[in-house]
Each structure stands twice: as C-alpha cells, then as structure tokens.
Amino acid sequence: MDNDAASVHPDHPPSTPSAPARLSRRAFVTASLTAGGGLLLTLHLPAAARAAGAPTERSESAEINPFISIAPDGIVTIMAKNPEIGQGMKTTLPMLIAEELDVEWKNVRAKQAMLDPIYGPQFAGGSLGTPLNWIPMQQVGAAGRQMLIEAAARIWHVPPGECRAAKGMVHHRPTGRALPYGALARKAAALRPPELDSVTLKSPKDYTIIGKFTGGIDSPRVLDGDRLFGIDVIVPQMSYAVYEKSPVFGGRIVRANIEEIRALPGVRAAFIVRGSAPDAAIKMGLVDGVAIVADRWWDAEKARRKLRVEWTPQARSRQSTQAFAQEAARLMRSSAHSIIRRDGDVDAALARAAKVLKATYSYPFLAHATLEPQNCTAHVRPDGSVEIWAPTQNPDSGAHLVAQTLGIDPGKVKVHMTRCGGGFGRRLSNDYMVEAAMIAKRTGRAVKVLWDRTQDFHHDAYRPAGFHAFTAGLAASGKPVAFRDHFVTFGQDGQVASSANLPRDHFPAGYVPSLEYGQSLLQLDVPTGPMRNPGGNALAFAFESFIDELAHAGGLDPLALRLDLYGPPRVLSAPPPRGGLRIPPFDTGRVRGVLELVAQKSGWKRRGALPAGTGLGLAFYYSHFGYVAEVVKAGVNPDGTPKVHKIWAAVDIGRQIINPAGAYNQVQGAVLDGLGQALHLLITVENGRVVQRNFDTYHLLRMDEAPPVEVHFLLSDNDPTGLGEPALPPVLPALCNALFAASGTRIRSLPIDRLHSHHARA
Amino acid sequence: MRYTIRVNGRRRVVQSDADTPLLWVLRDDLRLTGSKFGCGIAYCGACTVHLDGVPARACVTPISAVGNAAIVTIEGIGRSHWGRRVKSAWLDLDVMQCGYCQAGQVMTATALLARNPRPTDADIDQAMRNNICRCCTYTRIRAAIKRAAGLPTADTREADHG
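Protein sequences, first through last, are from chains L and U.
Just so you know, we're using numbering that gives the first Met the number 0 here: the first sequence kicks off at 0 and counts up by one.
Just so you know, we're using numbering that gives the first Met the number 0 here: the second sequence kicks off at 0 and counts up by one.
If you are wondering where the hints come from, they were derived from the structure by calculation, not from laboratory data.
What you are looking at is a predicted structure, and each value in this text was computed from that prediction instead of being measured.
Yeah, the Cβ is synthetic: ideal placement off N, Cα and C, and Gly gets one too.
A couple of the hints might just be wrong.
To be verified - If you anchor each label on the Cβ, the simulated ranges turn out as follows:
# : chain 1 : residue 1 : chain 2 : residue 2 : range
1 : L       : Asp718    : U       : Ala64     : 54 to 60 Å
2 : U       : Ala64     : L       : Val234    : 30 to 36 Å
3 : L       : Met113    : U       : Gln14     : 34 to 40 Å
4 : L       : Val234    : U       : Asp120    : 57 to 63 Å
5 : U       : Ala64     : L       : Arg654    : 41 to 47 Å
6 : U       : Gly8      : L       : Arg654    : 50 to 56 Å
7 : U       : Gln14     : L       : Ala276    : 38 to 44 Å
8 : U       : Asp120    : L       : Gln522    : 47 to 53 Å
As the list claims (entries may be wrong) - Chain L regions said to be covered by chain U (calculated; three or more residues, Cβ under 8 Å):
#  : segment
9  : 196-203
10 : 218-232
11 : 705-711
With these hints in hand, go ahead and build the complete structure from the sequences.
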C-alpha cells in the first residue's frame with residue numbers, strides 16, 4: 000500500500016502524490032485500506048480523559064469530546080480544528096458540530112485548536128475543508144448529543160430511546176421532564192463515546208444551523224481591533240526581527256556589515272543565518288540571511304536599510320521573463336520533449352480536418368500578495384522545545400520543517416494557528432516559520448519576524464508562468480476532431496515545477512477523439528507553488544479561450560459547442576476515496592446544469608441584441624469537485640481598457656450550501672480575484688530576481704473596478720464540496736471571450752491591461 | 000523624542016524617533032494592533048486611521064507630524080455615530096473574509112458617511128478605491144456602506160448602462 004499516493008495533503012490536489020498525514024501515537028486518527036486501494040483516515044473520539052477538572056476556556060466546563068466542552072450555563076465551546084484564512088472554516092466546521100449537537104448557535108463559542116493529531120488533518124488547502132469534514136464534524140456533534148441523551152436517560156432511569164435533544168436540552172417526552180446540557184455535561188463526559196460511524200445524522204429538513212446565513216464567528220472581534228492575526232501576536236519579553244535574504248533566489252552570503260548594524264539604536268542583535276540546503280530557496284525552506292533583532296520592529300527595519308550584504312554571484316542570475324518567452328517560442332516551434340497524453344492520431348486527424356486553427360497562449364508569474372505580510376512569532380526554550388504562533392495554512396508541514404531544520408523531534412514543536420490575513424496558497428509554505436524559529440533559537444528569546452511588502456513580493460512561491468501552442472482541427476460541422484497542446488512550462492532538472500503541471504485528464508481530453516498533450520520544460524530557479532486554484536487559475540484562461548476560438552471558427556454558439564462536447568448527462572467513473580474523502584464522480588449532467596443556468600440568468604440567447612461594443616463571454620471549469628460556469632458582460636473603454644459591466648456565476652457544489660453568508664462571498668470574491676488577475680497582474684523576473692516591489696506596481700483590483708457579480712447555486716443531489724477555489728478560473732476566459740465578442744480582439748496573453756497592445760499579436 | 004498624542008480620546012506619551020510612522024507607535028508601543036500594516040507606502044489603506052476626522056495612512060505619517068490632532072483608530076471608531084452604524088452594517092452583511100483590510104475599510108467608510116450620508120455608487124467608488132481588499136469583498140463593502148446610510152443595498156450600476 001502506497002500511503003503517499005493516497006492521503007490528502009494541502010500542497011497537492013488529491014490527484015497527485017503527497018506526504019502521508021501524521022498519525023497520532025494516541026491513534027485517534029486511524030488509517031485503514033479501502034476496497035479501492037485508497038487510504039481512509041478515520042477520526043475516533045477518545046473517552047473524555049480530560050473531562051474531570053481539565054483546564055478549558057471556561058473553568059467549570061466539561062469536555063464531552065476533544066471538540067466539545069459545555070459549561071454549566073450551557074455555553075458550548077467548539078474547537079475549530081482548521082486554520083482560518085478568510086475561507087470561513089472557523090465558522091463552518093463548528094456549525095456542522097453545533098447542528099448535530101442540537102444547540103443554539105448564539106450559545107456557541109468557537110475556539111481555534113492548536114496543531115494536535117487528536118483533531119485529524121488540520122490544513123487550509125485544496126478546497127478540502129468541506130468535503131473532508133462534512134460528515135466527520137456532524138458525527139462529532141451527533142456523538143456528543145448521544146452522550147448527553149444517555150446521561151439524561153441514566154439520571155431519569157429511562158431508555159435513551161424515549162429521550163430527545165433540542166436547543167441545548169434533553170427532553171423526556173412521556174414524563175415531560177427536561178434537563179439543560181449544562182447540567183448534563185459532567186455526567187456525559189464520563190461516558191464512553193460512541194463509534195462515530197454508528198451515530199445517526201439528522202434529516203436536512205430538521206436543520207436549524209446548516210443552511211442559515213451565519214456571520215463569521217470572529218468578525219465582531221476583528222472590527223473591535225482585537226489581536227487575532229499573526230502580526231498581532233504579543234508574547235512576554237518579545238523582540239522584533241527582520242530577515243534580509245538574497246533578492247536572487249539561492250544567493251548565499253559572502254559578508255555583511257554586521258558590526259555596524261549592531262551599533263544602531265534599538266538593535267539588540269544582528270547575525271548571519273546560514274540556509275539549510277542549496278535548494279532551500281526552491282523548496283521554501285530556510286535560506287541564507289541576515290537577522291536584525293530589535294525592541295521595536297521599526298528599529299529593526301530602519302537598521303535593515305543600512306545593511307550592506309555581499310551575495311555570491313549567481314550562475315543563473317540571467318533568468319528573465321523575456322528570455323523565458325524567447326526560449327518558449329523556440330521550443331514551441333519544435334516537438335514536445337515529452338508526451339503527457341496521446342489519444343488517436345492527431346496528425347492524421349488534422350490532415351482530414353475541414354479547418355485547422357493554431358494559436359499561442361501565455362500567462363505570467365503571479366504573486367500571492369496576502370495583505371498580511373508573512374510573519375511568525377517563535378520562542379525556543381532552553382530544553383530545545385519550540386513554541387510557534389503563525390498565520391499558516393499548513394501547520395503540520397511547518398512543524399516538521401522547523402523540527403528538521405533545528406534538528407529536533409517534531410513532537411517538541413508546538414504550533415498556535417493564528418487567523419491569517421489571507422492565504423491563497425502562500426501560507427502552505429512555511430519559510431517564514433522556520434526563519435522565526437531559527438532566529439528565536441539564536442536569540443534565546445521570543446521573537447516576532449515580520450517581512451515588509453517588498454520582501455513579500457521578492458520571496459514567494461509564485462504561480463508559474465506558462466505557454467501553450469494549440470492546434471485544433473474542425474470537422475465540416477464545426478465540431479473539433481483533433482486537438483493538440485504543446486505546453487511549455489517550467490521545471491528543475493527535468494521535474495515539473497510545483498503547480499506547473501498540465502493534468503492528463505484536463506478538458507477537452509476524453510471529449511475529442513484525437514488529442515495530444517505534450518510538454519517541454521524551461522529550467523527555473525525561481526520558486527513556484529500553489530496559488531488559489533493551482534493549475535486552473537492559468538489553464539482555464541488558455542483552454543477555455545481557445546475553445547471559444549474553435550466555436551467562432553466553426554460557426555457554433557460557444558454554449559452549444561460546450562454542451563455538445565460534454566455530451567448527454569452521464570456519470571463518469573468515480574475515483575477511489577482518498578484520505579477519508581469520498582470523491583464525487585464527474586457528472587456531465589452537472590456541467591450542463593450550470594451552463595444552462597448561467598446562460599438563462601445572463602440572457603445569453605439574447606446577446607445579439609446587445610449594443611455594439613458590448614459582448615458576453617462564457618466559460619466553464621471543473622475543479623476541486625465544483626462545477627462553475629460564468630458569463631462576463633464587457634466592452635472596451637476609449638483608452639483601450641476593458642469595461643466590465645457584470646458577471647454571472649452558476650455554481651454546483653452539491654445539495655447543501657452550509658453557510659450562505661460565506662458561500663456567496665467566496666464566489667463573488669473568487670470571481671473578482673480572477674478578474675483582477677486577468678486585467679492587471681504580472682510578476683516579472685529580471686536577472687534572477689522579481690522586479691515588482693509593492694502594490695504600486697502590482698495592481699490588485701479595487702472598488703471602482705469591481706462589477707456586480709450575480710451568483711446562483713444549483714443544488715444537485717451530491718455531498719457538498721468546497722468553495723474557496725472553484726469559482727476563480729472561469730472568469731478569466733469568460734472575460735477574454737466577452738472582449739472578443741465586444742471588439743473582435745482576441746486576448747492570448749495576460750494580463751490584458753489595454754486591448755490595443757493585443758491587436759498586433761492577434 | 001517624547002511625544003504626547005491623543006488616541007481614541009486618551010492622552011498617550013510615547014518615546015520615539017521623529018520619523019517613526021504613527022502605525023508602529025500605535026501597534027508596537029501602544030499595542031493598538033487593530034490598524035494593520037500592508038504596504039508601507041500608503042497604497043493599500045490597511046493602516047487607515049482618522050486624524051481630526053480625516054482618513055490618514057498611519058504607515059507614512061511620521062509621529063512628529065501628528066501634533067495635537069485627535070487620532071481615532073478602529074479600536075475607538077465604534078464610539079462615533081457613523082462608526083457604530085458602519086460596524087453594525089459590516090456584521091449584518093457578513094462583509095469580511097480574512098478581515099485584514101477591514102479596519103481600514105471601516106475607517107474610510109465611516110469618514111465617507113460622516114461627510115456624505117447619502118453616497119452614490121460613484122461616491123463610494125471614489126472614496127473607497129484606495130483601500131485594497133485582497134479577498135475582493137467589494138460587493139459587500141458597497142452594500143454595507145449603503146446599509147449603514149439607510150439606503151437600498153441593491154447594486155444598480157449594471158442597470159445604469161444596460
């Protein structure tokens with residue numbers, strides 16, 4: 000059994016290999032094989048060993064299970080196990096528990112859990128929070144309810160079957176007796192918890208919390224200015240630190256004016272830190288740098304401006320965006336280095352085609368640009384144990400990185416997960432965490448490391464750029480019969496760089512009889528990594544724009560072509576479960592459903608009646624188990640900039656929207672995030688370093704550029720899946736397709752900025 | 000240098016170099032961490048505070064330039080009429096995702112409503128365009144400003160240009 004290939008890990012979509020989940024010695028998370036060969040992670044609730052006198056948030060509380068504590072006054076504290084990055088999981092997961100526990104939401108307090116195997120996998124990535132936890136969190140709540148009912152039944156000497164729970168009370172119908180949870184909690188906590196798979200879950204018609212508009216549980220505290228984010232952490236005797244790294248990735252320190260820096264006002268310490276390995280920059284580990292520690296962050300930052308570091312000359316520092324583009328153009332003129340997928344005989348099919356189209360698409364590197372710059376607070380104690388406070392999406396991976404780099408046991412690393420001022424995949428890497436740990440170790444006191452914005456732009460795991468040379472052949476009917484993509488992407492020594500791959504099943508693979516995906520690699524010394532909807536955030540633009548080109552070339556309605564390609568509603572084979580995740584099978588009926596819905600809502604069929612200079616564009620993308628179709632209505636301003644009037648999104652993520660408050664917000668946010676990428680965003684590499692330094696040269700979307708976004712959920716009879724990512728990709732091609740409809744200019748490279756610059760290339 | 004400043008109605012004495020930005024005095028010396036650091040160049044608005052009721056970027060405002068101005072931060076804005084209404088609208092509509100920019104958004108929106116209690120969409124665009132929300136919660140920020148103003152929250156811009 001290959002655990003690596005089966006477990007779910009945030010660095011990777013579930014279709015790619017990943018590291019095994021850390022299993023507890025206490026074995027509350029157990030692994031078992033499934034019939035399909037997958038690894039099934041199961042959450043087991045231990046007996047509440049900590050119930051009697053266990054220190055909890057509220058001193059008199061009793062711990063029903065590791066997720067649930069109930070105080071005598073009925074206030075329920077629910078542990079939120081996953082990091083909160085703005086995707087709403089600190090609210091969503093406690094909602095699932097509270098629903099089945101049968102308590103009123105107003106009596107629920109959510110508390111951020113520490114990193115602890117008792118909670119099972121803890122990460123924010125892959126839009127997996129919902130699909131991985133939808134059932135287990137409800138089971139946790141139902142198990143708690145069952146224990147409270149059992150406790151009441153024992154007090155009353157009646158069968159548990161005669162008792163029922165509602166709104167934080169257990170009732171005995173035949174005698175009309177009732178006891179509040181607060182009075183039952185201690186007794187319940189002493190009971191043996193039921194097997195989670197044995198509990199009965201509610202019927203959706205009985206939901207009182209799931210499906211209700213529920214505001215973010217910490218939102219009032221954010222608006223009061225409470226200390227919630229990583230950057231806000233204050234621990235006793237804390238110092239502040241900055242860490243200067245080589246602007247050219249992989250640069251090592253030759254010398255630095257350390258003595259001069261140490262003499263500056265407020266500076267407590269300054270020293271050189273050696274990176275852990277030559278490839279640490281690519282792997283987002285600890286790299287060479289100069290640490291400056293001061294009593295105030297501003298003092299450290301001011302001192303950094305006087306820092307003079309001599310870095311090793313970089314053999315490959317000539318890497319640049321321009322050189323990549325030239326090399327990619329050269330590679331695309333010859334055949335691909337390797338073949339990802341080959342169906343039929345593309346050359347023969349092209350020779351027979353009524354019409355052949357060729358087009359080249361490209362997109363740039365992008366930065367995550369979380370609004371909260373990377374930061375971490377760490378304290379390394381004399382016994383070698385480490386305590387970390389970090390805004391991280393991936394605390395377990397961070398703890399292992401710290402342990403490995405400091406040469407200690409992972410069990411000695413304690414991680415507090417703070418609220419994250421944005422994630423977008425950036426905080427799946429924990430480079431800032433290992434920096435803080437190392438500086439704290441060298442300093443011997445608690446240290447908060449904070450990057451400035453330029454460092455944040457210069458030390459990211461970037462969304463990789465990419466180049467696609469497409470060729471397609473159309474039958475006389477206009478339908479594509481041959482399709483080829485020569486994808487020029489990036490890698491290190493023959494291995495595709497992180498998040499720079501083209502999945503072999505990417506649409507239209509499987510829907511066009513003769514198809515070939517080939518790949519050639521450009522050597523890259525710039526780190527890359529997953530950014531919100533890795534792969535999809537780039538590939539959707541290229542593929543769904545080219546599909547639109549095919550529709551126009553073949554004289555077909557872009558909607559009709561997509562419906563025709565996906566074909567009649569049918570369920571395609573379901574992959575085996577992975578890491579406790581029941582992966583819903585791919586269903587072309589769901590594709591059709593959202594395409595037809597978005598067409599109806601946007602007035603797609605009436606688009607011919609739009610005024611000249613205004614057009615609609617359509618795109619569909621399936622990712623993270625979500626089916627999303629979007630239509631953009633756009634035109635062109637006199638200065639050549641796009642004018643986006645409105646966007647419609649139709650989304651199928653299953654039968655239940657757990658929290659409409661968060662769900663609509665996620666879709667609107669993802670759509671506008673993607674819109675901003677398409678319009679403006681660009682990271683340029685020159686001489687091996689990133690050019691952009693701040694938001695003045697990396698133009699994130701702003702209020703006056705944000706059009707109305709109308710969201711429609713199509714409820715299909717499938718288990719609910721995640722929403723942090725799937726709504727992002729379609730907007731990029733839908734916008735470009737709308738601009739083509741409006742102006743006749745085809746956008747084949749991003750960002751768009753002004754349409755004038757695309758005429759020559761068209 | 001020793002500076003006496005007025006923050007949320009209280010006099011505070013701080014020891015600082017003249018060029019230290021107000022943001023770091025607030026965050027690290029006074030431990031008022033509600034105002035956020037985003038860019039350091041007055042481009043994102045996460046650090047927005049009020050100086051005598053006018054939105055200012057604390058990240059580029061040297062402590063020496065503050066003088067006797069009344070500083071109000073997110074920690075204190077709820078005590079004003081518009082601050083209270085804006086915060087309440089923000090919660091009613093569940094505006095935030097990550098929430099990191101929202102202190103700055105609330106400060107800017109409060110200042111807008113204090114001088115223009117019935118803002119149009121164009122007014123909102125103009126006032127809010129220098130506050131970045133990386134999560135792109137602009138749809139709800141717009142609606143929440145209207146709600147705080149007691150205006151209908153529907154986005155009517157699309158209807159305006161067909």
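Handout entry: Assessment of proposed distance window 34 to 40 Å (beta carbons of Met113/L, Gln14/U)
Key = With Cβ atoms ~36 Å apart, the hint holds.
Exercise for the section: Please test the hint of 57 to 63 Å on the beta carbon pair from Val234/L and Asp120/U. Expected result: violated (45 Å)
Exercise for the section: Confirm or reject the claim that Gly8/U and Arg654/L have a C-beta distance inside 50 to 56 Å. Expected result: 52 Å Cβ-Cβ, so the 50 to 56 Å window holds.
Handout entry: Outcome of range test on Cβ distance (Gln14/U, Ala276/L; 38 to 44 Å)
Key = With Cβ atoms ~43 Å apart, the hint holds.
Handout entry: Distance restraint evaluation - Ala64/U, Arg654/L, Cβ atoms, bounds 41 to 47 Å
Key = Given about 57 Å between the Cβ atoms, the range is violated.
Practice task
Look at the Cβ atoms of Asp120/U and Gln522/L and judge whether their distance stays inside 47 to 53 Å.
Solution key: holds (49 Å)
Exercise for the section: Kindly confirm whether 30 to 36 Å is satisfied by the beta carbon distance between Ala64/U and Val234/L. Expected result: Holds - the Cβ-Cβ distance for Ala64/U and Val234/L, about 32 Å, lies within 30 to 36 Å.
Practice task
May I ask you to test the hint 54 to 60 Å on the CB atoms belonging to Asp718/L and Ala64/U?
Solution key: Taking Cβ atoms as reference, Asp718/L and Ala64/U lie about 57 Å apart, which means the hint holds.
Practice task
Three residues minimum, CB to CB under 8 Å: does the segment 218-232 of chain L make the cut for coverage by chain U? Let me know.
Solution key: holds (count 12)
Practice task
Examine the segment 705-711 of chain L: at least three residues should have C-beta closer than 8 Å to a C-beta of chain U.
Solution key: Contact hint for the segment 705-711 of chain L vs chain U: holds, 4 residues under 8 Å.
Problem - Proximity test - 8 Å, beta-carbon atoms, the segment 196-203 of chain L to chain U, at least three hits - result: That given contact is violated, which follows from only 0 residues of the segment 196-203 of chain L lying within Cβ reach (below 8 Å) of chain U.
Against the hints set out earlier in the document, violations occur for numbers 4, 5, 9.
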